[in-house]
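Listed here are the chains, written in short residue letters.
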Amino acid sequence: MSRDGNVLFCSVARSDCCSSLKILIKNSATVKTSWADDVEVEELEPPKVEDYVDENGIRITIEYTINDEGKKVKVWSCFKLSCVGGWLSIVAVYPKITRKIKRTLQKSLVDHAVAERKQWSKFGQEKENKPGPDRATTTVGEDVVLSLRAGGKPTADEEPSHEEKLRKQLTQTAGGGKVVCRLCKGSHFTAKCPYKDSLPILNEGGAETPPFQDDAPPNEGPSTSNAGGKYVPPSMRGGAGASRGPGESMRGGRDDLPTLRVTNISEDTQEQDLRDLFSYVGRVARVYVGRDRETGAGRGFAFVSFEDKATAQRAIDRMNGRGYDNLILNVGWSQPREQR
Amino acid sequence: MRPILLQGHERSLTQIKFNKEGDLLFSCSKDHVINVWFSHNGERLGTYDGHNGTVWTIDVDSQSRFLMSGSADNTLRLWSVQSGKCLYKWEFPTAVKSVAFNETDDQVVCITEQRMGFQGAIRVFNISRDGDGTRQASEPAHIFNPIGSKATVCAFSCVPNRVVTGHMSGKVAIFDYKTGEEVDNNERAHGDEVTDLQMSPDRTYFITSSKDKAARLHQTKDLKVLKTYTTETPLNSAALAFGKPYILLGGGQEAMSVTTTSLRQGKFETRFWHKIFEEEVGRVKGHFGPVNTIAVSPTGTCYASGGEDGFVRVHHFDETYFKAKPYGDLEVLD
Chain A
1 MSRDGNVLFC SVARSDCCSS LKILIKNSAT VKTSWADDVE VEELEPPKVE
51 DYVDENGIRI TIEYTINDEG KKVKVWSCFK LSCVGGWLSI VAVYPKITRK
101 IKRTLQKSLV DHAVAERKQW SKFGQEKENK PGPDRATTTV GEDVVLSLRA
151 GGKPTADEEP SHEEKLRKQL TQTAGGGKVV CRLCKGSHFT AKCPYKDSLP
201 ILNEGGAETP PFQDDAPPNE GPSTSNAGGK YVPPSMRGGA GASRGPGESM
251 RGGRDDLPTL RVTNISEDTQ EQDLRDLFSY VGRVARVYVG RDRETGAGRG
301 FAFVSFEDKA TAQRAIDRMN GRGYDNLILN VGWSQPREQR
Chain B
1 MRPILLQGHE RSLTQIKFNK EGDLLFSCSK DHVINVWFSH NGERLGTYDG
51 HNGTVWTIDV DSQSRFLMSG SADNTLRLWS VQSGKCLYKW EFPTAVKSVA
101 FNETDDQVVC ITEQRMGFQG AIRVFNISRD GDGTRQASEP AHIFNPIGSK
151 ATVCAFSCVP NRVVTGHMSG KVAIFDYKTG EEVDNNERAH GDEVTDLQMS
201 PDRTYFITSS KDKAARLHQT KDLKVLKTYT TETPLNSAAL AFGKPYILLG
251 GGQEAMSVTT TSLRQGKFET RFWHKIFEEE VGRVKGHFGP VNTIAVSPTG
301 TCYASGGEDG FVRVHHFDET YFKAKPYGDL EVLD
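Sequences listed follow chains A and B, in order. All residue numbers for the first sequence refer to UniProt numbering, where the first residue is 1 and numbers rise by one. All residue numbers for the second sequence refer to UniProt numbering, where the first residue is 1 and numbers rise by one.
In isolation and in its complexed conformation, chain A is listed as follows:
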């Protein structure tokens, strides 16, 4: 077997030993190659070849070639041979090491007419070409799987869609694989709840709702609303507009904390000053001081958020009308923007 022939089959065998590829060769001497390989063969013509068939019917060819470094290399090739009407067909190739190849030949009983057709000489564009598959027109593709199973569309070898992947990921990470609707306690996401328009969100004592963070992005809706993996416009987040009007701004998210509007404060009042002042009453969640965009000086008002409503009410009672920095504070409930 010529060297290039081995290489051809090596490449086949390396990927799959049980390949169904059957290659017919007229005799074991030549395999059709491209012109480039033909040249190589001549150069590397082995000086000495041992060739014998062992007791198992495996033909072993030992070639001695000179490698790139000028060293002598012993090359083994083993073939199992059998004949089909004077033809040899090779089915499986088992490479042991780089150049030791075992080829098992497949015997097949074919119709007389078929055997005769195999002897036909080539014609048309293939005229004069050597027998055997031409690598210019015939190649072996990647392995494909056909798994037959009942039950409609098989999805095993089909990559799941982006949505499915995201859903799977979410169900695995959130709540250890358990998805519980906050509305009806069903095993689906709250955003997918069939009762989301009719039922109010259940309060669970903050066990599952994340604690409020001062620096959290204000316009991010509840994470569950993104469960589908699709982009949801901010105006549609958080219950798909059920709790909010369609034209409402996205700053509504932070208004769930009881917030006081503090006016008539001096220009140089800082956040920390107000935090100190109001923390006498209770725990302050957030303080915002209105400032002039250019000068950075205070504009005389601020918003103070508390964690619960009772504390906020107490703060109004105690601070409204109280003097601070030689001004009299005006403290009241903050109104949502569109009502002002």
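It is possible that some hints are incorrect.
Said to hold, decoys possible - Computed footprint of chain B on chain A, listed as stretches where at least three residues anywhere in the stretch have a Cβ under 8 Å from a Cβ of chain B:
1) 118-129
2) 135-147
Claimed, not checked - Some chain A residues judged to face chain B by a derived CB distance under 8 Å, without partners named:
3) Asp111
4) Ala113
5) Val114
6) Gly132
7) Ala150
Because the hints were derived from the structure by calculation, they are not lab data. Where a beta carbon is used, it is the ideal one built from N, C-alpha and C, also for glycine.
Since the structure of chain A is provided, determine the placement of chain B on it from the hints.
Then chain B, alone, in the frame of chain A:
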């Protein structure tokens, strides 16, 4: 399964056919060439050169002696399978869209397109098998013009003197070719163009595929729809798996919309459906474009698909295919 890729065409495939023993595979494409391959190793035996336009259709006789081809160069040609020589040429005013041999190999039916003011016609030629086959009657034995929707595919029926046709409108009909009369029809067999029609071995039933995303199994006797296989993409080809109760469907979205949809969306897969339960049982992917034509070897051991991408992929079924019993231990007798 490790498919053998055949790259003998430069343009999209139009039809592929196995011969009776399944050892030869014929393929034709829009690049004017017809190729013949050994199916077991993918070696190209030869090419049939001579057509001057898209070769729309081919058919080989049961002895693998003659090959018929119909082309957009308005000719129908008879070739010698062994030598690749053109034995005879018939010329028509319009392109030949479909050709088929009868069971005894002595007649062929062909459809010529309705175009440029010419009526679509169905012709039946007697093929002389004497001598080298170069002496053929130049005139058709029978000719008729089906009225109404254009015929796209045709085949001989199991009943003498009848041909089955599939039409542009989705109609499936039976014609008596001697009188040209429409014996029977099913106007609503499909909702859109019938793209392929393949007969069962005994020609008592056949499968059609259509652009309406469905394939249907029809009884030849009365055109009763036996089974319907509804998919989600337009279908270009449907084939019956021999020896196993499966249907092979190939399709994909239209060539013109390929670039605007993703590969995954395109569904360029060969789909295996269960013939009886009308359920999808498996898929084989590989093509980079819609699958235009599918053929199953009459031996039932391999199938080939030809795509818009210009490749033919020959798949030899592995053992798991023959052992698989997706619906448990039940046997389907053909």
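Going through the hints against the structure:
1. 118-129: Per the Cβ count (8), the hint holds.
2. 135-147: n = 12 at 8 Å, threshold three: holds.
3. Asp111: Holds, about 5 Å.
4. Ala113: holds (6 Å)
5. Val114: Holds: closest Cβ of chain B sits about 4 Å from Val114/A, inside 8 Å.
6. Gly132: At 6 Å from the nearest chain B Cβ, Gly132/A passes the 8 Å test, so the hint holds.
7. Ala150: holds (4 Å)
Violated hints: none; the structure is consistent with every hint.
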